[in-house]
Every structure is written in C-alpha cells, then in structure tokens.
Amino acid sequence: MLENMILGFREAFSWQGLGLMFLGSVWGFIGGALPGVQASTAMALILPLTWTMPPGGALMMLAAVYVSAEYSGSVPAILIRTPGTSAALVTTFDGYPLHQQGKGGKALSISLFGGGIGQIIGNILLVAMVLPLSRVALAFGPPEFFALAIFGLTLVASLGEKSVSKALISGALGVAFATIGLDPLSGTVRFTFGVSYLVDGFETVAVLVGLLAVSEIFIQARDARSVGKFSGAISTTLVTWAEFKPMLFLISWTSVLGMFIGVLPGAGATIASLVAYSEAKRWSKHPEMFGKGSYEGVAAPETANNSAISGAMVPMLAFGVPGSGSAAIMIAALMLHGVTPGPMLFIKNPEIVYGLFFALFIATFMMLVMGLVSIRPLIKLVSVPKPALLSCILALVFVGMYTHNASLFNVGTALAFGILGYLMNRYDFSPAACVLGFVLGPMVEVSFRQALIISNKSPMIFVQRPIALVLLVLAFLTFIVPIIRFSKGFLVARKNPPEQV
Amino acid sequence: MNPKQKANISCGIICFLFAAVYFYLTVNLTTSAMLVVTQISAKFVPKLLAGLIAGLSVLLVITTLLEAAPAADSESSIEAELVDNRAFYGTAAAAFLSLLVWYGIGFFSVPFLIAGTMLVNHKKNLLQIVCIALVTTLILYGVFFKIFGVPLPLGLLE
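Chains V and F are the protein sequences, given in the same order. For the first sequence, this note's numbering gives the first residue as 1, with consecutive numbering after it. For the second sequence, this note's numbering gives the first residue as 1, with consecutive numbering after it.
Please note that the accuracy of each hint is not assured.
As the list claims (entries may be wrong) - Within a straight-line C-alpha distance of at most 30 Å, the following computed DSBU-like cross-link-like pairs (lysine-lysine) qualify:
| # | chain 1 | residue 1 | chain 2 | residue 2 |
| --- | --- | --- | --- | --- |
| 1 | F | Lys146 | V | Lys162 |
| 2 | F | Lys47 | F | Lys6 |
| 3 | V | Lys162 | F | Lys47 |
I should point out that these hints are in silico values taken from the structure, not numbers from a laboratory.
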C-alpha cells in the first residue's frame, strides 16, 4: 500500500503530471463557465489529445478538467443566472439574488471555498473508503432511486413562494416535458409529432438555459424603469471568516452527502446539489432566506456537486462502471491506452489509481488558486452597462446552445423555453420548479416503472425496502410543511382581506 | 375580481387545457414498438401527470375564486405600454430565427442579434453598438471555433 502510494505520489508530482493538470484546470475552468459546455463536454473535447500521453497523465489531466469545470459552472450561475453546467442549476437560486444585492464576490468565494472543502473531504473519503462505499452503490435499486428522485422533487413545493399550486403545476409541467421523446423502457416514441430532433427529447442544457437565463434577459429587457442600469450594486468583497465559519458544519455534512450521492451510478452531481440544497434548507435556522440570497443556499449545492466528483470515482475504480458522464470519459481514456478499469486496476496499475488520488488533491488546490485570482476580474466583467451585458449573454447562449451538439434546434429550444420562462415569471409560476421537474423527471419515471415491474405492479415494494421507505417518509415531510405553511397564510388572508385601492 | 385574479383563472384554464391535450395525445399514442416484457406501459406516467396537472389547475382556479381580492396591480399600466413594443420585437425575433438556417451562426447572425438586443434595451450610441457587436462576435468565434474546435456554420460565407 505504502509502496503504491509513493508510486502515485511520484506520478502526480512529476513536472509532466503537474503541467498536464495545470492545462486541464485552465481548460476546465473556461469550459465549465461557458453555457452549453458541460464538464463532460470539456473532457470529451480534450480526450483525443490524451492519446499521446501516458495513461496516468491522461487520467490526471481529465480529473483536473472535471474538478475545475464543476466549480466554474457556478460562476455564470451566480453572475448572469446562466448555469455553466447542469450541476450549477441550484446555485442560481441564491447565487444570483446575492449578486443582485451586490454580494457577487461573497457568493463566488463561498462557492469556491465550499467546493474546495467539499472536494477535499470527498477525496479523503474516496481514498479511505473506496471499497466499502462501492457496496452502497450496489444496495441501490429502482425503488431507492425512485425515492431519491422524489426526495429531490419535494424541493418544488418550497419554491412556490407566491403560490404552492403554481409551483407544483410548474414542476409537473417540467416532468411532462421530460416525457417527450423515446421511452427508454419500451422504445415507444412519445409526443414528437414526427419531428426527428425530438426523438431524443429536449436537450437538458437548452431547457435549463432557456427557462433560467433567456427568460431573465427578457425580464430585464421588459423592465423599462431600470433601462441602462445594472440591477445591483457591484462589489468584489469576498466572504469574511466570520461569515464563513457558521457554514463549516453545513459544508462538512453536505460534502459527505454529495460524496454518497455521487457514488450512485446515474445520480451524479446535479442530483447531489439538489438534495443538498433541499436538506440545507430544511435544517437551516433561516429557511425563509433560501431563494432570496442565502449564503447557505450557495454553499450547500456547491459543496455537494464538488464532493460528488470523488463519489463518481468509486464505481469507476471499484467496478469499472461510470458513476457519471464525465467518469465514462475517464474510462474511455484508460481504454484508449489498453488499460481495463475495474478491480484489477488496483493490482495491475496501482500507480494510476494512487496517482489519481493525489491528482484530485492537486486539482482542488489549482481550482482554489484559479478561482481566487479570477473572482474580481469576473465581477468587473459583468459590471458593464446592462444593454451590452444582456446582448452579450444572449449571443453567448445562442452560440453555446449551437455548439452543444451542433444543432440549430437547440437554439430554438432555448428561445422557446425562454419565452415560456418569461410567461411563467410574469404570472408567478416557477421556472426553477419546471427545471427541477425536467431534470428529475426521467429518473422518476424510469425507476418508478422498473420498481413496479420488479414487484409485479405492487406498490408495497417502496415500503418493504428500508432505504426507499426512509427517503419517501422524509420526502413526504419536506413536501407537506410548505403546504401547511401556505394553507395557514391563506386562511389568515381570508380572515383579514387587504384593503381595496 | 381584479386583473391578477383574472390572470390566475386564465392560467388555471390554460393548464387544464394543456392537461386535456396531453391526456388525449397519451391515450392515442402508437405503442407498436412496445416490448411485451414491459408491463407498465409508456402511457402510465403521462396519464398520471395529466391527472395531476388537471387537478392542480382546478385547485388553482378554486383557491383564486375563494381568496380575498388583493390590491390592484400598479404595474399594469406600464405593462400595457410595453405590449406594442413586445409584439414588434417578438415578430422581428421570429423572422430572425426562421432565417437562421439560411445564414447560419456566425458573422451573419451574431452581430445582428447583439445589436438588436442592445437597441431593444434602448442603447442609442450606434458606434458603440457596432463595436460591441463585432468584438463580441470575434471573441465568441475565437473561443468556440479556434480554442474548442467546434465548427460554427457561417451560412452565406460558406
């Protein structure tokens, strides 16, 4: 073990290893910050270059891209309400309001330090518990995945600040949009109206960017009273220790939670950030601040999505099964070099495995340095006058959506969902809830049907499996509390009607 | 009943109609490709969803009718003034999109998109508009085409 660790240390700290990781970090930082370029896309684009590298170096470089891109996805999420990666979706809920309040620097630094700590805790857990954690992945079947997805969906109810029923409709509409395309279980093509582009369904990134970013551009353009002005004060002040210290406990447990969810194949960083946000809100002393600019609302998802990276490495290293799309690219890189991922990797190529462990720590350090250096220039960059900023964001979204899979259909999708998001905002529906429904919809549907097929249509399967039962009970409690709160408010309002103007 | 309540009721009706259409399409799905082994069909979840959306829409209408009328929306007059502008820009955007396939994503579309958005946002200085539009287009082209190697269709320039 010690000998293998020394081998890995040498591999990671060689000039070649450090150089490749630096290049990977810069590449990942740029890629993650561009809407439409996911962490996995940035990794896939660089994959052909790894052909000439040694397998360990290729894996370390890709790990650096992965770590940097997962952090930098939060930069546009906070500054322009455009998640760079889908895992940064939840960061828009509180990050953007914080930026509007002139606390963009604080939000970015919380995201950076939270992500960094999450990544370090995730790395330590990965090194210490790679084999025990892999057993957790095996314990999750369709009922557990269904319960986990429902648990994530309960967040929808709490997004209905003005109307719970409108938030629930928005969430249900999101799930309905996700049913468009090829049914993964039966092969039936649903609601495509003969349009071949729709066979694979709407592209997640296009829907996400349309509902959140494009709609925001329309809203800002509509607001005639703020024309020519940026909507918030500009401040590059970073978070202070006094502000960060109370969040350390939250960051610690959301790191573990993110790591745990990252271990589950198919769950990934997006689900990890959703569940972490939901749980952080539930246990917070100030849940009413979530969605309005809560520091905890930025720290929890950012910590979880970074620690989920380490989690995704567990099934990859233990079984050779990718825990996420990005992990699949790392497996592809190994296979390009004739190295078979899986349990034998620990015996045949220990320097690759232990080199990767060290590389994850080094990549985290590089991410922290790069993030810290870039915070102030990035905030200055978005402090340009509103008309120029809005037009540049729209052009970025426009080109980014095209490049995602070289399809103009994605551009149209983003704009159509932008109009829908604008209308939803206008009439107090929740575009964020719609996005959650869209992201979690396929997981809910597939795992629900798979569980019922396994149990021969008996819903008792969800009660008989302890993990599923616990998650569903927690989901029910999370769901019902905002509804009770809303109902109380509704009854009070009926007793004391507001004065007519 | 004030405009906000009317809007809520209209939204409830639209969502209900969406649910009805969604249910109709689900029922009429062609399931010839369905595998025999799949006991829970591809229609199962969409049917549940249609019911859920319809139920929530009815709930929205009922709660709106029951709730006390809130104060009138002071923003409505400003909104009304902007409707004509939005109709014009919406038509322009639709025309722009419909021609997108012809002129591609590049120097025949991005500068116009940027300039158009700035004009919509009441930017008056034409020199600034042209400079920002061209510089941004070049940066985007450089990042996506030169660095990331993603080919952008140049439309008429190709």
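Status of each hint after checking the structure:
1. F:Lys146 / V:Lys162: Between lysine 146 (chain F) and lysine 162 (chain V) the Cα gap is close to 46 Å, so the pair fails against 30 Å, i.e. violated.
2. F:Lys47 / F:Lys6: Holds, at roughly 29 Å.
3. V:Lys162 / F:Lys47: Status holds; Cα separation ~28 Å.
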